[in-house]
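Trainee: Next come the chains, spelled out residue by residue.
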Amino acid sequence: MTRSEQAGDLLYRRPISVWWWTRKRTYFLFVMRELSSLFIAWLVLYLLLLIRAVGRGEAAYADFLDRASSPWLVALNLVAFAFVILHTVTWFSLTPQAMVVSLRGRRVPGAVIIGAQYAGLAVVSAFVYWLVTR
Amino acid sequence: MSTPRMKFRIYPFIWLAFSGGGVMAAVFLPALAFLFALAFPLGWIDAPDHDQIAAVVGHPLTFLVLLGVFPVILIHAAHRFRYTLYDGLQVKHKGLVALLCYGGALAGSFATLVFLGNALTA
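Residue numbers (my numbering), protein chains in the order written: chain A, 50 to 183; chain B, 78 to 199.
Simulated from the structure, these hints should not be mistaken for lab results.
Careful: at least some of the hints might be erroneous.
Unchecked claim - In silico lysine-lysine, BS3-like type, Cα no more than 30 Å apart, as pairs:
#1 LYS169/B to LYS73/A
#2 LYS169/B to LYS84/B
#3 LYS84/B to LYS73/A
#4 LYS84/B to LYS171/B
What the hints assert, rightly or not - Negatives, chain B to chain A, calculated, CB over 12 Å:
#5 LYS84
#6 ILE87
#7 PHE90
#8 LEU112
Claimed, not checked - In silico contact screen, one side only, chain A against chain B (beta carbon under 8 Å); selected entries:
#9 VAL67
#10 VAL80
#11 LEU84
#12 TYR95
#13 LEU97
#14 TYR110
#15 PRO120
#16 PHE130
#17 ALA131
#18 LEU135
#19 PRO145
#20 SER174
#21 TYR178
No experiment lies behind these values; they were computed from the predicted model shown.
Each residue gets a CB set at the ideal place from its N, CA and C atoms; glycine is no exception.
Modelling step: build the complete structure from the supplied sequences, incorporating the hints.
Mentor: Okay, structure coming up:
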């Protein structure tokens, strides 16, 4: 046995419950934030199925929109949309914490970085809306 | 005197894709999800007719943009969900989880290529 293996035998690891994240509000929000990844993947899959339907022709597209209005799917997509909003809001807030931006020798305040991202979101959203409804 | 070379590690590139995917998801998905998953199916806003949407989806620029955006969002989601399983649910099968997560992202990326390619009107 190596010395590190011997030391490892003495290491105490406190068992962590699967429900650790329900104990505190901040833990809960953290896990919700991370879980948004699942719903983001779902929405990409949904959009891919839409693209497939569009590629298959008018009937397939109409059928897709029809199925998309069914109650279960709407409920799922409402939840998914809520998680997308959570992702966007938390992601934008994290950016200034993840990187320090300096302009002309002075540090750009976090609020400016966050605001710039929302401006970018507004521009992209307006563009997508225009592209699709013109 | 030359500095010793750093060992090459793949993780920073995975993190870069994760980060880029997070930005893409934050910026593109709100509008796309609102319009195509809620507003159009529920009739809040008139859905584009097939000719309109096919022209947009089939455009070569759309092909290029979405081919970049969707896979990177999938990598972001895969990477994040992988760690959600480890840290959140204390799942211990680390190799299997990594395989399923990134494998899923890879499959989705391939599907992106196929579906967008089929819809191309070029």
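Trainee: For the restraint on ALA131/A, tell me whether the closest CB of chain B is nearer than 8 Å.
Mentor: Violated, because the Cβ-Cβ distance from ALA131/A to chain B comes to roughly 10 Å (cut-off 8 Å).
Trainee: Could you grab the alpha-carbon distance between LYS84/B and LYS73/A and see if it respects the 30 Å cut-off?
Mentor: 40 Å, violated
Trainee: Closest CB-CB distance from LYS84/B to chain A, is it above 12 Å?
Mentor: 21 Å, holds
Trainee: Against chain B, with CB atoms and a cut of 8 Å, does the hint on LEU135/A hold up?
Mentor: 10 Å, violated
Trainee: Closer than 8 Å between Cβ atoms is the bar; does PHE130/A clear it against chain B? Give me holds or violated.
Mentor: 5 Å, holds
Trainee: Are the Cα atoms of LYS169/B and LYS73/A separated by 30 Å or less?
Mentor: 23 Å, holds
Trainee: Double-check LEU84/A for me: the hint is only fine if its C-beta lies closer than 8 Å to a C-beta in chain B.
Mentor: Holds. Min distance 6 Å.
Trainee: Please verify that hint: TYR178/A, Cβ, nearest Cβ of chain B, below 8 Å or not.
Mentor: With a closest approach of 6 Å, the TYR178/A hint holds.
Trainee: Using the nearest Cβ pair, does SER174/A come within less than 8 Å of chain B?
Mentor: 4 Å, holds
Trainee: Grab the minimum C-beta distance from VAL80/A to chain B and call the hint holds if it beats 8 Å, violated otherwise.
Mentor: Status holds, d = 5 Å.
Trainee: Is the Cβ of LEU112/B more than 12 Å away from each Cβ in chain A?
Mentor: It is violated; LEU112/B is separated from chain A by about 6 Å at its closest Cβ, not greater than 12 Å.
Trainee: Would the least Cβ to Cβ distance between PHE90/B and chain A come out above 12 Å?
Mentor: 17 Å, holds
Taken one by one, the earlier hints fail for this structure at numbers 3, 8, 15, 17, 18, 19, listed in ascending order.
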